[in-house]
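Participant: So the protein sequences, as listed, match chains V and L. Residue numbers for the first sequence follow our numbering, beginning at 430 and rising by one. Residue numbers for the second sequence follow our numbering, beginning at 798 and rising by one.
Please keep in mind that the hints were generated in silico from the structure rather than gathered at the bench. Keep in mind that this is a model prediction, so the values were computed, not measured. Watch out, some of these pointers could steer you wrong.
Partial pick of chain V residues on the chain L-facing surface, computed with a CB cut under 10 Å [unchecked claim]: (1) P530; (2) T644; (3) Q818.
Calculated pairs, SDA-like style, for lysine to any residue (alpha carbon to alpha carbon, straight line, at most 25 Å) [what the hints assert, rightly or not]: (4) L:K904 x L:Q977; (5) L:K928 x V:I544; (6) L:K863 x V:V819; (7) V:K651 x L:K928; (8) V:K639 x L:R870; (9) V:K501 x V:I544; (10) V:K651 x L:G895.
Beta-carbon label-pair distances, calculated as ranges [said to hold, decoys possible]: (11) L:K928 x V:A705: 38 to 48 Å; (12) V:R816 x L:K928: 55 to 65 Å; (13) L:D914 x V:M430: 46 to 56 Å.
No residue lacks a Cβ here, since even glycine has one placed at the ideal position from N, Cα and C.
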Amino acid sequence: MKQALKVTRKELREVFRDKRIRNAAFIVPAFVVMFMLSLFGFLGETLGKKENQRIHVVHGDNSLVKGLKQAKVQIVPLASVEEGQKLIRDGKANLVLDFDPDFDARLKSTRQAHIKGYFDDKESKGQIALSIVGKMVSEINKTTVKAVLQARQVDASMAEPIAIQEQPMKIGQSNVSDLLVTILPYLITVYAFFGGLATGTDLVAGEKEKNTLETLLISPLKRSDIAIGKFLALAVVCLAGSLSALMGVIIAGSSGLSLFHTVFPHGLGLGASQIAAIIITLIPTVAFFASLLLAVSTMARNSREAQQFLAIVNLVVLLPAIFSQFIGFTDLASARWIDFVPVLNTSVTLRQALQGKLDPVGLAITIGVSIVLATIGIRIAVRLFNREQVLVRV
Amino acid sequence: MKHFTEAKTGKVVKAVDGINMEAVPGQIFGLLGANGAGKTTTLRMLSTVIQPTDGEAWVAGYNVVKEPREVRRSIGFMSNSTALYARLTPLEVLDYFGRLYDLEGAKLKERVDYVVDRLQIHEFANRLCDKLSTGQKQRVSIARTLLHDPPVMFFDEPTSGLDVVMSQSVMEFIEEARDQGKTIVFSTHIMSEVERLCDRIAVIHDGQIRSEGTVQDLLQHTGEATLEKAFLKLVEYQRGEAVGAAK
């Protein structure tokens, strides 16, 4: 092991000197995560706000439009519906509302009033603006119906014959937003793999290409020491990629910037115990990823071939990680068999950690599965290191 | 020693087919052959990078199959396939390999200082290997080969790609190592290097030794006036043929 650590130390020294690897593993994940979170924050801040909406209206001289103006919605009057439809087609308007010319009179005389809403069905902005109008109309509807009912001496609550009273229960000690629970496990898992991709390619396949591997093979090291030394270095880089992504979240959540408010409505929301649970889950997972990358790199003749192999191996990581983002919409998140599915189990365990309701059995199975896979991966890599056809391609 | 492998086509490739040779301390033993003759495979077997598929070999008294780590501790190997790490400095390369050879503390420092002095590496000792000239890299490679003071040294076409001045410097170093009593195996396809350096030569072709002895022995054996002509006769070269192209 002492000899293996000498190899690890040298590999890490080289990794830290390589700008490409340094960026890919240590800097890019944090920046990408912060950028994504700020993007979500920006969308949440701008799209849902009334003052950011611009609505074009035809026959807009009525009480509802006045209410929209008071709510700081930008109102643009138009002469005709045709003009509004042209603006939508030209991409210059999101929503055009065509009111009954006698809109207010109809409301007063308890006749139904109509609004026709025109929007591009392929664009979200028109639908978002219409939903804001819809909420205001719903309030007016309730008020109007209550007034009519009271005038006829009927209980005003019958304006809504059925009322749902939401009783959300707080399960688990967590203030992490739903959005973060959905995307963070994916990002952390994916960066544990992709953070180590460049290093993995370089570590054996790259050394074969640059003729440095044979220098190592003629030293008194055992082949298994070389493989384990390289594996440990790779695992450190994979873990760094993942922790860099996590660091991006911590920086964004702790910054207090309004840009991140949508994602962090209660501040960071991540406690020390949750961060510890994330790291404990990650360590065996990065060991699995490192062993996988090492085996592929050893198998390849050169960096180019390693990249070709890894293009396929990527799917093993990417597909379960992508699925993990949607698992909350299904009943699978609590299914026991998911704990046995590599990568997906890690994402699900991270999700639980973020929600503050970690399942200890699930955590143990996830760690166990990752350790078994990492062990298999290392054994394959060591075996490949002992095959001269693979190592020196004689 | 033999080294046979099976190609994807199912054809057996006989890279080395029954080589028998002996190199002794204080002498340079030359392996002379065309590209693909089996020189590199022979040296790779002797340095335990690959195993012979048949036969036995001893290096510094150790069996290459049964005691590979002891063999590796006893050898220095230099070739154009033993490159340096681009993102380490010469001092870091020497420190790394010194530690791999279990040199530690004062002993490691003493050996590093010795090779740095001996090969005049001072001025670029802290520059990344990537930024070194070919000649400087070659000096660092020699320093790495020499660092653990091995009794046996293998040189596989060490002057390949070097200019005349650098080649001269490498050959001088090999001569010095011989004078220090080291056992040296030197593989090349350059006749002038063989004539200058080698005490004994084996002409290798198609994985077999065609003749072995001093330069004079080979000339007498073939009846030719020059080593080049003797070599071509031994490998049965005929005009227009690409030597070693087909196996």
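Participant: Per the hint of 38 to 48 Å, is the separation of the Cβ atoms of L:K928 and V:A705 within bounds?
Facilitator: holds (43 Å)
Participant: Going straight from one Cα to the other, do L:K928 and V:I544 come out at no more than 25 Å?
Facilitator: Distance of about 74 Å is beyond 25 Å: violated.
Participant: Below or equal to 25 Å on CA atoms is what counts here, so check L:K904 against L:Q977.
Facilitator: With Cα atoms ~20 Å apart, L:K904 and L:Q977 stay inside 25 Å; holds.
Participant: Does the structure keep V:K651 and L:K928 at a Cα separation of 25 Å or less?
Facilitator: Distance ~31 Å between V:K651 and L:K928 Cα, so the pair is violated.
Participant: Is the gap between the beta carbons of V:R816 and L:K928 within 55 to 65 Å?
Facilitator: Once the Cβ atoms are compared, 35 Å apart, the range 55 to 65 Å for L:K928 and V:R816 is violated.
Participant: A closest beta-carbon separation below 10 Å is what the hint needs, so does V:T644 meet it against chain L?
Facilitator: Where the cut-off is 10 Å and the nearest Cβ of chain L is about 4 Å from V:T644, the hint holds.
Participant: What's the verdict on V:K501 and V:I544, does the C-alpha distance respect the 25 Å limit or exceed it?
Facilitator: holds (20 Å)
Participant: So the hint says 46 to 56 Å: do the beta-carbon atoms of L:D914 and V:M430 match that?
Facilitator: Given about 34 Å between the Cβ atoms, the range is violated.
Participant: Holds or violated: the hint that V:P530 contacts chain L, with Cβ atoms closer than 10 Å.
Facilitator: It is violated, given that the least Cβ distance between V:P530 and chain L is near 77 Å, above 10 Å.
Participant: So if I understand the rule, the pair passes when the alpha-carbon distance is 25 Å or less; does L:K863 with V:V819 pass?
Facilitator: Given pair L:K863, V:V819 holds - Cα atoms ~21 Å apart, limit 25 Å.
Participant: Holds or violated: V:K651 and L:G895, Cα atoms, limit 25 Å.
Facilitator: With a Cα-Cα distance of about 16 Å, the restraint between V:K651 and L:G895 holds, given a limit of 25 Å.
Participant: Closer than 10 Å between Cβ atoms is the bar; does V:Q818 clear it against chain L? Give me holds or violated.
Facilitator: Interface hint status for V:Q818: holds (7 Å vs cutoff 10 Å).
In this structure, the hints that do not hold are numbers 1, 5, 7, 12, 13, in rising order.
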